[in-house]
Amino acid sequence: MENRIIKNLRKDFLVEFRNRSAVNISFAFAGITTLSVSLATGGIRLQPDIQSIILWIIVFFSGMSGLAHIFIREEEEKTSLFLSLHSTPEEIYISKLIFNIAFFLVICFAVTPLFVFFLQALPVHLIFFILTVAAGSIAIASVSTILGAIVSKAGNSGTLFTVIAFPLMLPVLWISIGLTTSCFDPSVQPDCRGLLFLLAFSGVIISASYLSFRFVWTE
Amino acid sequence: MKTIRLLFFIIMLVLMPVVFYMALVWVPPAMGLGEASRILYFHVPVAWSSVLAFIMSGYYSIRYLSGNDRRHELFAYNAAYMGLVYSVLTVITGSIWAHISWNMYWNWDPRETSAVILLLIYVAYFSLYSSLQNRETRGRISAVYLIIAAVVMPFFVFIIPRIYMSLHPDVVFNTAKKSGLELSMKITLIASMAAFTMLYFFILGLMNRTSVLKKIVEEKQNDD
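Those protein sequences? They're chains W and F, same order as listed. Numbering-wise (the numbering used here), the first sequence opens with residue 1 and increments by one. Numbering-wise (the numbering used here), the second sequence opens with residue 1 and increments by one.
Be aware that a few hints might be false.
Unchecked claim - Computed footprint of chain F on chain W, listed as stretches where at least three residues anywhere in the stretch have a Cβ under 8 Å from a Cβ of chain F: (1) 173-182; (2) 194-204.
What the hints assert, rightly or not - Chain F side only, calculated, beta carbon under 8 Å to chain W, not exhaustive: (3) 6; (4) 65; (5) 120; (6) 128; (7) 137; (8) 144; (9) 145; (10) 147; (11) 153; (12) 155; (13) 156; (14) 157; (15) 159.
Stated by the list, open to error - Here are some chain W residues the structure puts well away from chain F; computed CB gaps all over 12 Å: (16) 8; (17) 20; (18) 84; (19) 88; (20) 98; (21) 109; (22) 116; (23) 128; (24) 207.
It is worth saying that the hints were derived from the structure and are not from the lab. Just so you know, even glycine gets a beta-carbon here, dropped at the ideal spot from N, CA and C.
Using the sequences plus the hints, can you model the full thing?
Listed below in structure tokens is the structure:
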């Protein structure tokens, strides 16, 4: 099982490395939005809550543009049948989940310093800020993986993905924004319960997705 | 089965007017909030039913995926449809209550936000359901979406309002696990919850039977 998961992962990273479409789109989106916000504010230092809202909106839409891609590509390039012959649905799910988490962590940890630099949003509680970004990214990637699979089978990619993903990601965004605000505000002590919420949420989503993925993937 | 259904119907028919009498006449108004506080006996049961609809739609979806009986796909759809109606009613009654208590219809309180998320999930489910053309794919994929929605539902209905400070009153139990309601209020609320739960199951049962009949007619037409 591990062997096939690693092979699938290698294949996904290799394909992504060759054409870099998802990475390019996500980076370009995040970069353009961050620069636009910085330009629009004209260098004014924003309130901590506004800063965290903008950060997570950028992160959320970067994810929307790139995370569903991993399954949609299999359908567009008609490789999903070969993948099904090679691996079981559970192996496919695990490899795609790992890819999406790795992909989104890279995006987030590239976008966040850019955001911190251009919007002068220096976090007071740095370690907690890093943990928040990581936990939020994992939660978003976990939700996006199963929803990406659903959308790829629905044959209606872009708009439908945002429509079905938004309500399920809203709690993640809500908690992440609250946590990030406390990281920017020196008068507030960050609350670990939010981090636990994000990790528990990811765990529940991954478990439910692992058990139900077979029904989405198998025709 | 017919006798049980009839008995269920008679109990509901008796209980519902009793609940209305208790909520509107018998129970005293809450101190400081006046007659407007009576909306509590409708808002809480309706909100509870919208959560119940989530559980039922998740349950029917699991039954559909495990047994591949198309009736369960229709039942899950009906449960979600009822959930959508109840969520809209929750948001409306909640905003009326908010206007009375806080002088504004909407202020993104954690509980208000949770109610909206429930509503949005139902809307997303129907968007997904209508976008899938193939009947079998539609059944499987929409069932998975409902299961995932049912699994994450406790996070935003029960956990988030306890993480963030909420202006919403703890109507049944507060963090000290004590009810702030008088005995008569408690009895009325419990009776109202029971009546609305029965109403939910009664309407759901009717919708399910109609769906099964429609399916039979469709199959017969296809055979002819």
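Verification of the hints:
no. : hint    : result
1   : 173-182 : holds (count 3)
2   : 194-204 : holds (count 5)
3   : 6       : violated (38 Å)
4   : 65      : holds (5 Å)
5   : 120     : holds (4 Å)
6   : 128     : holds (5 Å)
7   : 137     : holds (6 Å)
8   : 144     : holds (5 Å)
9   : 145     : holds (6 Å)
10  : 147     : holds (6 Å)
11  : 153     : violated (10 Å)
12  : 155     : holds (6 Å)
13  : 156     : holds (5 Å)
14  : 157     : violated (10 Å)
15  : 159     : holds (6 Å)
16  : 8       : holds (21 Å)
17  : 20      : holds (29 Å)
18  : 84      : holds (15 Å)
19  : 88      : holds (17 Å)
20  : 98      : holds (19 Å)
21  : 109     : holds (25 Å)
22  : 116     : holds (26 Å)
23  : 128     : holds (16 Å)
24  : 207     : violated (8 Å)
The structure is inconsistent with the numbered hints 3, 11, 14 and 24, although it conforms to all the rest.
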